[in-house]
Amino acid sequence: MSKKKKKKLRVSFRKNRQARTRQGGLTQKFEREGFEDDDSVRREQLSGKGELAKKRTVIGQEVSGDSTGFSVLPEVDLEHCLSGRVLEVRGLISVVQTIEGKRYDCAVRRLLKTLQTDQRHVVAVGDEVQFRPDGDEGLIERIEPRRGVLARTSRDRQHVLVANVEKMVIVASAAEPDLKPHLIDRFLVAAEQAEIEPVICVNKMDLAQPRSLQPLIGVYAQMGYEVLQVSATDGLNLTQLRGVLRDRATVVVGQSGVGKSSLLNAVEPDLGLRVSAVSRETKKGRHTTTTARLIPLSGGGFIVDTPGIRQFALWDVASQEVAGLFRDIRPLVGYCRFPDCTHTHEADCAVKDSVADGRLDARRYDSYCHMRRDDNH
Numbered sequence: 001m002s003k004k005k006k007k008k009l010r011v012s013f014r015k016n017r018q019a020r021t022r023q024g025g026l027t028q029k030f031e032r033e034g035f036e037d038d039d040s041v042r043r044e045q046l047s048g049k050g051e052l053a054k055k056r057t058v059i060g061q062e063v064s065g066d067s068t069g070f071s072v073l074p075e076v077d078l079e080h081c082l083s084g085r086v087l088e089v090r091g092l093i094s095v096v097q098t099i100e101g102k103r104y105d106c107a108v109r110r111l112l113k114t115l116q117t118d119q120r121h122v123v124a125v126g127d128e129v130q131f132r133p134d135g136d137e138g139l140i141e142r143i144e145p146r147r148g149v150l151a152r153t154s155r156d157r158q159h160v161l162v163a164n165v166e167k168m169v170i171v172a173s174a175a176e177p178d179l180k181p182h183l184i185d186r187f188l189v190a191a192e193q194a195e196i197e198p199v200i201c202v203n204k205m206d207l208a209q210p211r212s213l214q215p216l217i218g219v220y221a222q223m224g225y226e227v228l229q230v231s232a233t234d235g236l237n238l239t240q241l242r243g244v245l246r247d248r249a250t251v252v253v254g255q256s257g258v259g260k261s262s263l264l265n266a267v268e269p270d271l272g273l274r275v276s277a278v279s280r281e282t283k284k285g286r287h288t289t290t291t292a293r294l295i296p297l298s299g300g301g302f303i304v305d306t307p308g309i310r311q312f313a314l315w316d317v318a319s320q321e322v323a324g325l326f327r328d329i330r331p332l333v334g335y336c337r338f339p340d341c342t343h344t345h346e347a348d349c350a351v352k353d354s355v356a357d358g359r360l361d362a363r364r365y366d367s368y369c370h371m372r373r374d375d376n377h
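Anchor point for the sequence shown: position 191 equals 191 in the working numbering, and the numbering is continuous, going up by one each time.
Incorrect hints may have been included.
Stated by the list, open to error - Taking CB as the label site, the calculated pair distances span:
1) E192 / S154: 19 to 25 Å
2) D178 / R337: 36 to 42 Å
3) R110 / D340: 44 to 50 Å
Quick caveat, the hints were computed from the structure, so don't treat them as lab data.
Beta carbons are placed, not taken as given, at the ideal position from N, Cα and C, and that holds for glycine.
Just need the whole structure built from these sequences, with the hints factored in.
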């Protein structure tokens with residue numbers, strides 16, 4: 001990402017974010033007085049549908065490669081603003097905490113809400129912002145450029161789950177519900193894309209035989225991923241997990257029912273996060289965490305607890321980019337016969353040959369094929 005000098009910029013805005021109020025009583029006024037000038041008529045003119053965006057002039061810095069989705073960083077009066085981090089987003093209100101620990105309920109400046117962007121929501125948990133305080137409330141004036149962004153596709157728009165994190169702890173369960181390697185692979189690809197360090201955390205080891213999971217765990221370990229086998233119930237390897245979280249900005253992800261909240265309660269006993277059991281009928285987890293929330297840790301750093309996810313559609317990953325985001329497939333790509341090989345049907349494909357002779361795990365290759373097909377139809 002690069003910034004340019006502050007100047008007047010023409011930027012795109014969404015159209016018709018706020019409807020113009022129609023002047024009342026025009027019919028009665030015409031019957032009484034008629035129209036002596038064109039002013040009232042002009043106020044009644046309706047614009048055509050036209051483009052979905054319009055242009056306005058904004059003073060600020062031009063930004064390229066910014067994952068906020070904005071092309072400009074608006075100028076703000078820093079003397080009257082405080083810096084803070086978004087802990088939680090509740091509808092139109094964002095809970096922002098300053099470095100001193102004071103919290104403010106903040107609305108969002110209209111300029112930010114009307115700037116044209118692919119995002120589903122303007123503000124995300126973890127955002128670093130400049131806001132204008134007013135008592136215990138405030139107004140977010142600017143969102144600073146993001147790094148370490150975990151996002152997915154939602155209704156053809158970007159849904160940013162969390163911003164400005166360094167690590168991603170991918171929680172899976174050894175049992176109840178069953179482990180889903182394909183979902184783990186999707187999170188790993190998202191981490192590679194965002195340059196976030198992933199850690200795989202297999203919970204509920206008290207319900208499974210460790211030996212049965214070794215082949216799967218071994219595949220990830222051979223690629224260089226850190227894999228923890230833990231249990232929130234009996235405390236297995238929680239000290240290791242605390243070490244992973246200490247002094248780092250970490251997002252915790254996984255499907256419903258894997259025990260994310262239980263693990264965090266075990267790591268940080270004073271949290272008191274709500275937990276619920278897996279459904280006996282469906283064998284699926286119930287949503288106890290409904291919105292992402294940033295939680296400071298007593299040992300330093302913070303975690304972002306996210307709602308359980310059963311499906312994770314990648315954002316802004318083209319089909320030809322998927323292979324490069326698989327650590328085990330990426331080194332093989334250059335040995336294929338065709339430069340544009342998709343590694344699905346071509347002859348003399350190094351990836352397919354590696355699956356055939358056992359050098360590449362067949363299940364990982366299946367994950368690749370699913371992602372290439374399902375996320376790029």
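Hints, one by one, checked against the model:
no.: 1; hint: E192 / S154: 19 to 25 Å; in the structure: 21 Å, holds
no.: 2; hint: D178 / R337: 36 to 42 Å; in the structure: 38 Å, holds
no.: 3; hint: R110 / D340: 44 to 50 Å; in the structure: 46 Å, holds
Going down the numbered hints, you'll see the structure goes against none, and every one checks out.
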